[in-house]
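Take a look at the letters that make up each chain.
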Amino acid sequence: MRKINSREDLMALNAQYRDHVLMRLLSYDSLNRTEVTVTVGECGMTNGAKDTLTALFNEVNNAKVDDVSVIAVDCADDCGNEPIVKVIFPGKEPLVFNNVDSAKAKEIAKEHLIKKGGVA
Amino acid sequence: MNPTRLQILICAGTGCISSGCLDVETAFHESLAKHGIADEVAIFKVGCLGFCEQGPIVKVYPDNTFYVRVEGKDVEEIVTEHLIKGKTIERLLFKDPETSERYYYYKDMPFYKSQLRVALKLCGIVDPEEISDYIGVDGYQALAQCLFDKSPKEVIDIVKDAGIRGRGGAGFSTGAKWEFAYNVKGDKKYVVCNADEGDPGAFMDRSILEGDPHSVIEAMAICAYAIGADEGVVYIRAEYPLAVNRLRIAIEQAREYGLLGKNIFGTDFSFDIHMDLGAGAFVCGEETALLNSVEGMRGEPRIKPPFPAIKGLWQMPTIINNVETLANIPQIILKGAKWFQGIGAPGNTGTKVFALAGKINNVGLVEVPMGITFHDIIYKIGGGIRNGKKFKAVQTGGPSGGLIAGDDINIEVTFENLQAVGSMMGSGGMIVMDEDDCMVNIAKFYLDFTMEESCGKCTPCRIGTTRMYEILDRITKGQGREDDIKELKALGETIKETSLCGLGKSAPNPILSTIDMFMDEYEAHIRDKKCPAGACKDLVQYVIVPEKCIGCTICARVCPVNCIHTTDQVVGRNKQLHVIDQAECVKCGACLPKCPTKAIITE
Ligand SMILES: Cc1cc2nc3c(=O)[nH]c(=O)nc-3n(C[C@H](O)[C@H](O)[C@H](O)COP(=O)(O)O)c2cc1C
Ligand code: SF4
Ligand code: SF4
Ligand code: SF4
Ligand code: FES
Chain A
1 MRKINSREDL
11 MALNAQYRDH
21 VLMRLLSYDS
31 LNRTEVTVTV
41 GECGMTNGAK
51 DTLTALFNEV
61 NNAKVDDVSV
71 IAVDCADDCG
81 NEPIVKVIFP
91 GKEPLVFNNV
101 DSAKAKEIAK
111 EHLIKKGGVA
Chain B
1 MNPTRLQILI
11 CAGTGCISSG
21 CLDVETAFHE
31 SLAKHGIADE
41 VAIFKVGCLG
51 FCEQGPIVKV
61 YPDNTFYVRV
71 EGKDVEEIVT
81 EHLIKGKTIE
91 RLLFKDPETS
101 ERYYYYKDMP
111 FYKSQLRVAL
121 KLCGIVDPEE
131 ISDYIGVDGY
141 QALAQCLFDK
151 SPKEVIDIVK
161 DAGIRGRGGA
171 GFSTGAKWEF
181 AYNVKGDKKY
191 VVCNADEGDP
201 GAFMDRSILE
211 GDPHSVIEAM
221 AICAYAIGAD
231 EGVVYIRAEY
241 PLAVNRLRIA
251 IEQAREYGLL
261 GKNIFGTDFS
271 FDIHMDLGAG
281 AFVCGEETAL
291 LNSVEGMRGE
301 PRIKPPFPAI
311 KGLWQMPTII
321 NNVETLANIP
331 QIILKGAKWF
341 QGIGAPGNTG
351 TKVFALAGKI
361 NNVGLVEVPM
371 GITFHDIIYK
381 IGGGIRNGKK
391 FKAVQTGGPS
401 GGLIAGDDIN
411 IEVTFENLQA
421 VGSMMGSGGM
431 IVMDEDDCMV
441 NIAKFYLDFT
451 MEESCGKCTP
461 CRIGTTRMYE
471 ILDRITKGQG
481 REDDIKELKA
491 LGETIKETSL
501 CGLGKSAPNP
511 ILSTIDMFMD
521 EYEAHIRDKK
531 CPAGACKDLV
541 QYVIVPEKCI
551 GCTICARVCP
561 VNCIHTTDQV
571 VGRNKQLHVI
581 DQAECVKCGA
591 CLPKCPTKAI
601 ITE
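Respectively, the protein sequence lines represent chains A and B. Residue numbering for the first sequence is 1 to 120, as defined by our numbering. Residue numbering for the second sequence is 1 to 603, as defined by our numbering.
Because the hints were derived from the structure by calculation, they are not lab data. Keep in mind the model is a prediction, meaning the values are calculated, not measured. Hints should not be assumed to be uniformly reliable.
To be verified - Label pairs and their calculated CB-CB ranges:
#1 B/Ile89 with A/Thr46: 41 to 49 Å
#2 A/Asn5 with B/Pro306: 35 to 43 Å
#3 A/Asn5 with B/Lys338: 29 to 37 Å
Backbone N, C-alpha and C define an ideal beta-carbon position, used for all residues, glycine too.
Could you put the whole structure together from the sequences, leaning on the hints where they help?
As structure tokens, this is what we get:
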């Protein structure tokens, strides 16, 4: 039954539906926001870029940080190191991480996005 | 549940639907099925992204690639190259007409770069026909917060503190208005959403309803809770079928989820909304005329006071808010008054949506922080004047507004600044004019509109606008008289002073404003019988410059009335000079672009 009878019902539906819109919300309007890019070219995808991306999405989402965008980008022509994750703070040198799997992605998110997530 | 690997956004606002986005959608479904990746890629449709001229627009997430002018035949390539191989298709990226630069991302495009989307935030993110999307982006949480954590008075205070002023034109403090209705004792109160949007060229309210109807529904419920209402009406023009349909779906879905109806969230707050379709008269956007129309009477304005917040629909306290005003409310509740105060200018907080049109490179719907300059809107977002022509003026406030020209385009956009230069914010039409636009003609255009739309209740508005129109019409036909300007000014002042409603009170504005700023153009029409911009057909003469004519006969062959004749004078290699017989010429303009030596000019 979809009928919402309490605030808890609404929050449960929010959690259920959030994933579907998350990708659009997070990659939307990255101006003045911290951007995290993941290379999803052919090599990236064969080396698990999809899991990396999903892990980043989930971490950022669960922490409810509002000013971080997660964006998939084209192959960086650096096949041995894919997936490559870059954390780009507005107006600063990006941090680059090679061969990022989902575990490493979670660490990056915790260390650089959520703790310092407030950098706007 | 993990998100699908990719999502395809298809803009399905009115603009993109008319340029064929539904074919693009069908093509995507077919192609994805053919390649066996239909369950990896989600397709969703959104409301207008504001860039209709470049439509249909398709975005690919999470890459965030922004494709323009996508046709059904491009879809296979997007699927095989982009979705499967991850390669961006360059030719479908937006190309700047001035610099020829191509843009991969929306945020880099000058058109979007200086925009700030608050009221339009979710237009382009949520599928307006799926309430689940709206709930997924924290929809209806602002309402829940109000019902569980805040008293009605606290809600009103937040809206007041935020400083938001009505976006329907008058700029009255929304919180203060809500407070009036709150303070009136009464069992029955109403919330009305004004979605009449009659200003020619404006389409911001339509776009919000097409792209994000739930924000407006949620805001109406919040307002109802704050003032103690249990019934809402959306007054929307029937000429907006897509918006009407999406709103209907949204209301039905909200009811189904229990977000409208009895005992919302299990509390004792009940509220429901119905739609009232307007016939599309401009005056029905005026709040009291709107109320009459909803009550089934003629859409004529009432005398104020009493104001609707005290005695409105069926004589009960009624809050009437514009669509765009309402679209800001849920975010103000969720993010707080401080957040909203941080946007825009002091006393003019938040953003404003404008429908940017006219002689400008990028036309479309733009949302900007208040306090931005017209210069930035025209040159940064709009990409400057089309075809390298010279900027002349910008019209805001539609038929009630005026022109902003010269150095005034450096003023910051606020309700007060616009008024100070003789225009007004209005609902957000913004038409940019270049050197080819004749100001007398523009004034005539707007007056034609208000004259037609006057409800006729007051004599000065009914007769006065017609008189003014006749004078302007004469002037543009070369029959102007010396005292016309004096008479226009006098009539204008009388109409302003003696009209009952805003339509009449502001109808003379475009004329007074053009007289004020472009007196020389009026004088040229009246004294010299010339239109400096070359726009008034009756005052234009097509002539052939003898020195340039090579006697090729092309012009004579395209002239529909055969009024281009040869003369005895020899030009070029044994050819005859051509001349235009002014008495016969019907000024169709057909000859002008055909002349190979550009010998034909207008003067
Ligand atoms: C002739 C005339 C037409 C109007 N048309 C509209 C309209 O189409 N939409 C609108 O929201 N307000 C319109 N208004 C303003 C409304 O009367 C009213 O001020 C507004 O709906 C209040 O909402 P707000 O405080 O949210 O701006 C019009 C006013 C006049 C005088
Ligand atoms: S001012 Fe004009 S539109 Fe307004 S009530 Fe009078 S006649 Fe009608
Ligand atoms: S087309 Fe131009 S050049 Fe040819 S006859 Fe006409 S005016 Fe002369
Ligand atoms: S403007 Fe039209 S009618 Fe006049 S000369 Fe040219 S083609 Fe003939
Ligand atoms: S309808 Fe698609 S951009 Fe406006």
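Against the structure, the hints:
Between B/Ile89 and A/Thr46, the C-beta spacing of about 22 Å breaks the proposed range 41 to 49 Å. Judged by the Cβ atoms, the range 35 to 43 Å given for A/Asn5 and B/Pro306 holds: they are separated by roughly 39 Å. Between A/Asn5 and B/Lys338 the CB atoms are about 32 Å apart, so this pair conforms to the stated range of 29 to 37 Å.
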